[in-house]
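Assemble the whole structure, with the sequences as input and the hints as a guide.
There are 2 protein chains.
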Amino acid sequence: MRVDLALIGFGNVARRFVRLLDEQRHRLADDHALDYRIVGIATRRHGTTHQPDGLDAALAASHVEAGGRLDEIAAPRATDAFEVIAALATSTAPLRVVVETTTLDIENGRPAIDHVDAALASGCHVVTANKGPAAFAYGRLHATAEAAGLSFLFEGAVMDGVPIFNLVRETMPTAAVQRFRGIVNSTTNHILTALEDGEAFAPALARMQALGIAEADPSLDVDGWDAAAKAAALANVFMDAGITPHDVVREGLGPGTAERAREAKARGQRLRLIASGARGQRPSVALTELAPGDLLAGLSGQANALILTTDILDDIAICQLGGDLCHTAYALLSDLVTVRRRAGASG
Amino acid sequence: MRVDLALIGFGNVARRFVRLLDEQRHRLADDHALDYRIVGIATRRHGTTHQPDGLDAALAASHVEAGGRLDEIAAPRATDAFEVIAALATSTAPLRVVVETTTLDIENGRPAIDHVDAALASGCHVVTANKGPAAFAYGRLHATAEAAGLSFLFEGAVMDGVPIFNLVRETMPTAAVQRFRGIVNSTTNHILTALEDGEAFAPALARMQALGIAEADPSLDVDGWDAAAKAAALANVFMDAGITPHDVVREGLGPGTAERAREAKARGQRLRLIASGARGQRPSVALTELAPGDLLAGLSGQANALILTTDILDDIAICQLGGDLCHTAYALLSDLVTVRRRAGASG
Numbered sequence: 034m035r036v037d038l039a040l041i042g043f044g045n046v047a048r049r050f051v052r053l054l055d056e057q058r059h060r061l062a063d064d065h066a067l068d069y070r071i072v073g074i075a076t077r078r079h080g081t082t083h084q085p086d087g088l089d090a091a092l093a094a095s096h097v098e099a100g101g102r103l104d105e106i107a108a109p110r111a112t113d114a115f116e117v118i119a120a121l122a123t124s125t126a127p128l129r130v131v132v133e134t135t136t137l138d139i140e141n142g143r144p145a146i147d148h149v150d151a152a153l154a155s156g157c158h159v160v161t162a163n164k165g166p167a168a169f170a171y172g173r174l175h176a177t178a179e180a181a182g183l184s185f186l187f188e189g190a191v192m193d194g195v196p197i198f199n200l201v202r203e204t205m206p207t208a209a210v211q212r213f214r215g216i217v218n219s220t221t222n223h224i225l226t227a228l229e230d231g232e233a234f235a236p237a238l239a240r241m242q243a244l245g246i247a248e249a250d251p252s253l254d255v256d257g258w259d260a261a262a263k264a265a266a267l268a269n270v271f272m273d274a275g276i277t278p279h280d281v282v283r284e285g286l287g288p289g290t291a292e293r294a295r296e297a298k299a300r301g302q303r304l305r306l307i308a309s310g311a312r313g314q315r316p317s318v319a320l321t322e323l324a325p326g327d328l329l330a331g332l333s334g335q336a337n338a339l340i341l342t343t344d345i346l347d348d349i350a351i352c353q354l355g356g357d358l359c360h361t362a363y364a365l366l367s368d369l370v371t372v373r374r375r376a377g378a379s380g
Numbered sequence: 034m035r036v037d038l039a040l041i042g043f044g045n046v047a048r049r050f051v052r053l054l055d056e057q058r059h060r061l062a063d064d065h066a067l068d069y070r071i072v073g074i075a076t077r078r079h080g081t082t083h084q085p086d087g088l089d090a091a092l093a094a095s096h097v098e099a100g101g102r103l104d105e106i107a108a109p110r111a112t113d114a115f116e117v118i119a120a121l122a123t124s125t126a127p128l129r130v131v132v133e134t135t136t137l138d139i140e141n142g143r144p145a146i147d148h149v150d151a152a153l154a155s156g157c158h159v160v161t162a163n164k165g166p167a168a169f170a171y172g173r174l175h176a177t178a179e180a181a182g183l184s185f186l187f188e189g190a191v192m193d194g195v196p197i198f199n200l201v202r203e204t205m206p207t208a209a210v211q212r213f214r215g216i217v218n219s220t221t222n223h224i225l226t227a228l229e230d231g232e233a234f235a236p237a238l239a240r241m242q243a244l245g246i247a248e249a250d251p252s253l254d255v256d257g258w259d260a261a262a263k264a265a266a267l268a269n270v271f272m273d274a275g276i277t278p279h280d281v282v283r284e285g286l287g288p289g290t291a292e293r294a295r296e297a298k299a300r301g302q303r304l305r306l307i308a309s310g311a312r313g314q315r316p317s318v319a320l321t322e323l324a325p326g327d328l329l330a331g332l333s334g335q336a337n338a339l340i341l342t343t344d345i346l347d348d349i350a351i352c353q354l355g356g357d358l359c360h361t362a363y364a365l366l367s368d369l370v371t372v373r374r375r376a377g378a379s380g
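Chains A and B, in that order, are what the protein sequence lines are. Each residue of the first sequence is one higher than the last, beginning at 34 in this note's numbering. Each residue of the second sequence is one higher than the last, beginning at 34 in this note's numbering.
One or more hints might be untrue.
Identical copies look the same in the list; a pair holds intra-copy or inter-copy alike.
Here are the simulated SDA-like pairs of lysine to any residue, each with C-alpha atoms no more than 25 angstroms apart in a straight line [what the hints assert, rightly or not]: (1) K298 - R214; (2) K298 - A330; (3) K298 - G80; (4) K298 - P236; (5) K298 - D327; (6) K298 - E284; (7) K298 - E322.
By construction, these hints were calculated from the structure, which means they are not laboratory data.
Here it is in C-alpha cells:
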C-alpha cells in the first residue's frame, strides 16, 4: 500500500527519520506492505518544497546539513507548512501522513497543534515527535482524529523510541493505568549523575548539548518543562486528565541542587528528577531522594524509565538504557507502521 | 463477535483466568467487541465437561476448589482434552480458541504440544501459558498456524502478564532482537535474595510454594529448567533458533550457592540466575555475579526483568516489579484480545 508523507520540521530527528526509512525500506515493504514516498518538506529556516511525484529526502537532508535551502533542489510548489499539508491532501495515495517534528513551544504547544489540526481537517493521519499536541490538547485532537477515522500518534513524545503509548494501547488490553512514576528527561538525569559525583553543572550540560540530546533551549530541560510536558501527555492519554504542562506541579534544577545531590549520595540515596501522576491528582515533576532499592535510583546517565501501575497488573517498568536521536526517529517509524496496520490487509 | 473457548487444564492459572474474564466482561465487550462463552473444560484429575451452549466456569472453578469433579456439574459430552477440542471445532462461533494451561513437561513439552497441534488441525486458535510449545516446537507450530490463518500465542510463557512477545511483535516493527539477558524465574530470584541475606534455602522455597509461584515440581525452578525453557522460547521466537530447553547451557542453585551469594553481597555484588542469548549462540542459564550498577542487580524478591538489544534501538528493559497468578491469567486474556483484533472489524 502506498503511503505519501509530508514532513513538517526537518531538524535532527526528521533527517534521521528519512535515513532510517531508507535503511528499513525493504523490511517495511516485506513485513508491512508499506511503500512510502516523501512528497513535501516544510521548514522555518531552510525553505519548503513539495513534489507530488516524490523527492529524495536523504539528498535533501544532506543539502540542508551543508547549509543549503530546500527550494534550491526544486521549484517549491508550496511555501509553508499549511500549504504542504494542503498539497499532501490532494495525493491519491491510500494513506497520507503528516510527520510533525517541529520544536516544542512550552507556552501553548503551537504551531504544532495547528499542524495537527490542519492535517486531520485535510484527511491526513498525523505522527509526531512533538510533545505539545498530546501535552496541551490530547483529548480534543484524539476525538477529532477518531471522528474522522484518522490516527493521531506521538510515541516519540515520551521516552523516545521505547514504546510507552503503544505498550499500553497494543499490549495491555482492558488494563487501566492508575499511577505512573519515572525519569523521563535524559539531560537532567545525566546532569544529576554528574553533580552527585562532584562534577560541575556547565560541562555536564554541554555534553548533552554536544550530543544533540538537550533541547535547543536547555532551560526547557533544566527547569523541568520537558518533564512536565511529558507528565501532562501521560496524564492526558492514560487518565483523561485534560491538562497542560502549566498544570503540572514543577520543580527544576537550581543553585542548591549540586549540594543536595552530593549529600544524598553520601547517605547512600540518589537525588533524581521524578515525574509522577495518579488518577484524579495533578501530576508533578520534583527532585526526589530515592532509596537504593528503587529501580529509578539505579538509572545513571541518560537512562530513562517509567513505572506504570495498572488495575490488573502490579507495577511494571520499561527502561531505556541508552538514548540517541535514532530512538526518536524510530518512534516515528513505529507510529507510521501503526497507521499502516490500521488500514488492514487491503491495498 | 462471539468467541467460544475450551480450557485444557483447569489449575490455579486457568481458574484465575475465568474469574478475570468475568471481571473484564464489560470492557471486553465495549472496547473489543469480544463476547465470550466457555464451552468445554478438560482436566486430568477433576473430570471433563463440554456444554455447547456454554457453562458457568466460575461455578466450575469453585466446585473444583471444593474437591468436586466437573462431570458432576453436567453430564460430560467429551471425556478428554482431544474430545473437548474436537467438540469446540464444531461450534458455529466465528472464533474458536483453545486455552491451554497444562503444566510444563520438561522432557518433551507433551501433551501441551499435542493439544496445540489438535487445536490448529481443527481450525481453532490457541493461547497458552505453557512454556512447552514455544520452547520445544515454536517454528513448526508457528508455521502451521500461519498456514491455517490461525493464531498461536503464548504471552504468559515468559514473565507472566508483562508483555514480551507482544512488545516486540506489536510495538517494535522492523527491529530485530540481537541479544537478550534477564531474570525470568521468580522463585530462584526470591531464594537468592534470601540466601544473600543469610536465610536458609528451605523456608525461602516454602514461601514461594505457599504463594503458588514455585512450579508444582520445585526442582524445575531450582535446577534452572524453568529459566531454560523460557530462554529457549525467547531464542526460538526472536532468533529462529529452533532449539529445545535441553540445548540451553544450564546451571541451577546447588549446595554451594548460599555461600557464593553471601560472599558476592559482602563485596557489593549480587549473585543472580541470568538467562541470556544472542543470535547464532546457544542460550544459557547461569549464576552470575552482577555489579551494583546493573539493572538486574537491583531486582530483589520475585521481580523479573528482561533486557532486549535490537539492531535499531539500544538496550531496552521491561521489568515486572511484583508477581502473582493474576499476571499469567492476564497474559491469556491479552492473547485472547489479540486473536479478536486479528479477526478485524467484522462480526
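Going through the hints against the structure:
1. Taking identical chains as interchangeable, the C-alpha atoms of K298 and R214 lie at most 25 angstroms apart only when both belong to the same chain, with a minimum of 21 angstroms there against 29 angstroms between chains.
2. In this assembly of identical chains, the alpha carbons of K298 and A330 lie at most 25 angstroms apart whether taken from the same copy (10 angstroms) or from different copies (18 angstroms).
3. Taking the closest pair of Cα atoms, K298 and G80 never come within 25 angstroms of each other, the shortest separation being 49 angstroms inside a single copy and 60 angstroms across copies.
4. Taking CA atoms no more than 25 angstroms apart as the test, K298 paired with P236 passes inside one copy only; the shortest distance there is 20 angstroms, against 35 angstroms between copies.
5. Taking identical chains as interchangeable, the C-alpha atoms of K298 and D327 lie at most 25 angstroms apart whether they share a chain (14 angstroms) or sit on different chains (17 angstroms).
6. Taking identical chains as interchangeable, the C-alpha atoms of K298 and E284 lie at most 25 angstroms apart only when both belong to the same chain, with a minimum of 20 angstroms there against 36 angstroms between chains.
7. Taking the shortest alpha-carbon separations for K298 and E322, both the intra-copy value of 9 angstroms and the inter-copy value of 24 angstroms come in at or below 25 angstroms.
Hint check: a violation occurs at hint 3 only; the rest are consistent with the structure.
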